[in-house]
Each structure stands twice: as C-alpha cells, then as structure tokens.
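Colleague: One line per chain: the protein sequences are C and E, in this order.
Note that my numbering has the first sequence beginning at 1, numbered continuously upward.
Note that my numbering has the second sequence beginning at 1001, numbered continuously upward.
Everything labelled a hint here was simulated from the structure, so no lab data went into it.
Only true hints are included.
When the alpha-carbon atoms are kept at most 27 Å apart in a straight line, the in silico BS3-like pairs for lysine-lysine are as follows:
#	chain 1	residue 1	chain 2	residue 2
1	C	56	E	1026
2	C	41	C	103
3	E	1013	C	40
4	C	40	C	103
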Amino acid sequence: EDKVVQSPLSLVVHEGDTVTLNCSYEVTNFRSLLWYKQEKKAPTFLFMLTSSGIEKKSGRLSSILDKKELFSILNITATQTGDSAVYLCAFLESRDDKIIFGKGTRLHILP
Amino acid sequence: DAGVTQSPTHLIKTRGQQVTLRCSPKSGHDTVSWYQQALGQGPQFIFQYYEEEERQRGNFPDRFSGHQFPNYSSELNVNALLLGDSALYLCASSRLYQGNNSPLHFGNGTRLTVT
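One chain only, chain E, in its complex shape (with noise of 0.2 Å):
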C-alpha cells in the first residue's frame, strides 16, 4: 500500500523563477493538504484541497497556488520565488472526516533552495 509520494525530494531555483511540486496521496485518501516547513519551525498550513477545490487556506500570499486533479493527486504551486521560500514543503492526505485513525499521513517532503 503506497503511502504519500512526493516529487522531486529536491530542487533549486533562483529567484524570481516559478515551481511546481508534486504529490501523491495515500491510496484510499480524497484530501490533500501542504505545508511549509521552514528550518527549525513547525509545519505551517498552506491549503487544503477536496474534490479538487481549495477547501481551506492559511496565511500565505496569492504566490502559492495549487491544484488537485479527478484522481486526487495535487500540486503546490509558488510564482516569483523569494529566498524566504526557502523550506520543505510536506504533502499530507486523509480521508475527510475519517474516525479515530490518525486524520494526516505525510510525504517526505521537497526540499526547496531559492538562491
């Protein structure tokens, strides 16, 4: 049973250039969630998509954008990059209001250098 992918696991980028960043979810999940996870921080909540809608959004600029296509899957999507993007941005996926298992199951990451 595949658990979360995500791709690439790395990428850099100048600044000012565009990204996209991939994921996967786990089989039998219908939402996908990012986050950015910034050097010693804790994951910060970007969005959240179900049935291909942004369901929810944290406090980030209109710079990230995202997607989820008809099969679930998703992509972050962050425009005119700064240094600051500079994180590992988590893919998570749940089955929206699931019971008493654990609601996110996590990718390992991309990581993102902005030079």
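Excised from the complex, chain C in its bound form (with noise of 0.2 Å):
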C-alpha cells in the first residue's frame, strides 16, 4: 500500500531558527512530491519536486527530494510566526492526478 510519512508530527521552536521537516514515502507509481502548508482551512501550494537532488527555493523555504532513498525534506529558515502552520507532503501518482498525503507536521513559531 502507497504510504507517506512525516516526521517529526509536531514542533515548537523559538523565531529565528532554522527547522527542517522530513518526508518519506513508498509509492509504487510515483511522478511528483508535493509539499503543502496549511494554516486553517484550504492547503497551500509550496513545491513540486519531480528530479532527485535539485533544490527548489522559495524566500526562506527550500526542499530537496531524494528519489534513491525516498525521502524528502523541507527547510525554513530564519523562521517568523507566521510560519506556524501544518506542513503537508503528498505524492501524485503517475496515472492521474490523485494526491495522497502524509498526515502533516504541526509547526508552531514561538515569538
């Protein structure tokens, strides 16, 4: 059965410090890892990693996908309060546009 796990499920860490948020999966028709943020309601897009060993980046965000080892992770850097948030990572299928995801990194910022 197609998995995806996050880790760590939750993380506190003061303003100004640099996290990163790991994503493992087995997928037996992978084409993309996706990472999501969702605050209240609706997830957010963040990345979409499809080559292994690219970095994608994104002001003070970056992710990295290992396909050899399959993993992921998703790094914040100098990290503001509003970055509090759930940190989701999903898998599209390579058939269709079905996502199935992890069940989230919770992430609070303290000030």
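Can you join these two chains into the complex? Each is in its own frame, and there are hints to help.
Modeller: Right, dumping it as structure tokens:
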C-alpha cells in the first residue's frame, strides 16, 4: 500500500530558528512529491519536486528530493511566527492526478 | 479569477441523516477531487471526477458518492451519517495532465459536524 510518513509530527521552535521537516514515502507509481502549507483551511501549494537532487527555493523555504532513498526534506530558515502551520507532504501518482497525503507536521513558532 | 469555492462552510447534521456538499472548481480546471480531513490528520482521498465520471476512488464506503456536472462543478453526498464522518471536507480542482504548476488548488472546505 502506498504511504507517506512525515516526521516529526509536531515541532515547537523559537522565532529565528531553522527547522527541517522530513517526509519519506513508499509509492508504486511515483510522479512527483509535493509540499503544502495548511494554516486553517485550504492547503496552499509550496513545492513540487520531480527530479532527485535539485533544490527548489522560495524565500526562506527550500526543499529537495532523494528518489533513491525515497525521502524529501523541507527547510525553513529564520522562522517567523507566520510560519506556524501544518506542513503536508504528498505524492502525485503517475497515472492520474490523485494525490496521497501524509499526516503532516504541526509547526509552532514561538515569538 | 475565482479559485475553488465550496458550500456550505459549516454544517451540523444528526446521525443517520444525509448531506450534500458542493464545489465549484477554479476557472480553467476540469477535474475535481474530494478529500476528508479528520482533526490532526492529513487529507484522505475520497474520489476524483473528470468528464462527469468517477475516475479514481479511495478507501471509502459506498455511503460516499459524488457527481460532476457539465460545468465541472461537483457534489459530494454522504448517506447514513456516522459520528466518525465529522471532518473538514476539502474539494480540490486541477487540469488533467497539467505541466509544472501545482496539480491541485484547494477550496476552504466544509466543516461537517455529526451529532
């Protein structure tokens, strides 16, 4: 059965710290790995990773995929209170647009 | 450009009742997926509709059914509600076989409470 495992499940850090969120997966028909941020309602898209070893960056956020070891990490540097959210990792199947999510990492940034 | 819209935003139902949730996809999108998100969990895939047909289905009982209309909007129906059906129901739209953009755009969800 396809699955996505995220760690840690929750994390509390102080503003300014750097955090690394982990995602490992076991997938039969892998096409891409995705990261979403969910604050209260709709998850919002952060990154889509298809190729191994290529880092994607957006401001203080960056992510990379290792297709050999079947994992991805999401880094957030110089964290701010607005980064507090649930970060969801998911994979996109190659046959269609079905996306399977992990349980998420709940990140809380203390001022 | 309107994003994905869902209605209602909140709903309270009693066990055994039936509920219908509605979703209008983002303009230009033709595929609608439904997810159930229980408290503290990631979204769980229910099913996906394309060209008015169910393309894929997750591990949900037949009490969960759906429909897609010619204008690409969609409904999720749940019969014989159970307490465990209480969750945030998210609708997501996409354009099938889209390239590098995000494959899913989510609506804000419908919070269903079953008492």
